[in-house]
Amino acid sequence: MTAPDRSMGSPSLTPAEAIALQKELAGRVELRPLPARFHVLAAADLSYLPSRELIAVVVTFSWPDLQLLEKVHVRRPVEFPYVPGLLSFREAPALTAAFHQLELRPDVFLCDGQGLAHPRRFGLACHVGLLLDIPTVGCAKKRLCGTHDPVGIEKGSRSLLSLDGDPVGYVYRSRTGVKPIYVSPGHKADLESSLALVERCVRRYRIPEPLRVAHNTATLLRRNPEFP
DNA sequence: GCGACAG
DNA sequence: ATCTTGTCGC
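In this text, residue positions in the first sequence follow my numbering: the first is 3, and each later residue adds one.
Errors might be hidden in some of the hints.
[As the list claims (entries may be wrong)] Calculated lysine-lysine pairs in the PhoX-like style (CA-CA distance at most 20 Å, straight line):
(1) K181 to K157
(2) K144 to K157
(3) K143 to K157
(4) K181 to K144
(5) K181 to K143
Simulated from the structure, these hints should not be mistaken for lab results.
Using the sequences and the accompanying hints, generate a full structural model.
Structure follows, in structure tokens:
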């Protein structure tokens, strides 16, 4: 009999344990409309260094005018492998740590990854939302699972993303002619309000503005860890 | 057995 | 995600 290898990065959980935990936590996720009115929206993204470290960035924007309010980040070693379906165990800890560096308390958190559109209905956005007990929305650049009808080529076109018969998100064409993005609710959010929020965050590019800023910031910090 | 597979 | 140059097109 071989004991699970928890050395080299000492993951706190084995993949099998993580999957069991997801099945349990998925039952605590709440599906409901996002708050009708709120003032602060947070968005986050991460970048990875050759040193096996990662940088998690969280930015906040005023809502609904979308003016940048704050930027914070944390740098730490990567302690969980990338396994499709288990992304949150790799990124959520750093994201919540960065979140706690904020001075303002966000009302909604936009995450770079899936929410409900996950094999066990527990994507990154759900995990982060549960850990922080805040409404979250998942917005991914690629599909993880689920099927959908073709999406119109025009900006604003959408198709329901379904998994095992039930709706888990939307495939949304944020700009004419570009690849669509995948929007799904995290915690304390639902399909319609999640897509509505993302729509309002899209400006000139395919990626919603808050996520673009978080992504660009994470990239710059990776190339130049000196400057904020 | 053969693909698919968030970041 | 990250390693990497130029290239095609609006």
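Verify the proposed pairing of K144 with K157, using a straight-line Cα cut of 20 Å.
-> Holds - the C-alpha atoms of K157 and K144 are around 17 Å apart, at most 20 Å.
Taken at face value, is the distance from the CA of K144 to the CA of K181 at most 20 Å?
-> Holds - the C-alpha atoms of K144 and K181 are around 9 Å apart, at most 20 Å.
Pairwise hint evaluation, K143 against K181, where the allowed Cα distance is 20 Å at most = holds, 8 Å
Do the alpha carbons of K143 and K157 lie within 20 Å of each other, as the hint requires?
-> holds, 16 Å
Taken at face value, is the distance from the CA of K157 to the CA of K181 at most 20 Å?
-> holds, 10 Å
Going down the numbered hints, you'll see the structure goes against none, and every one checks out.
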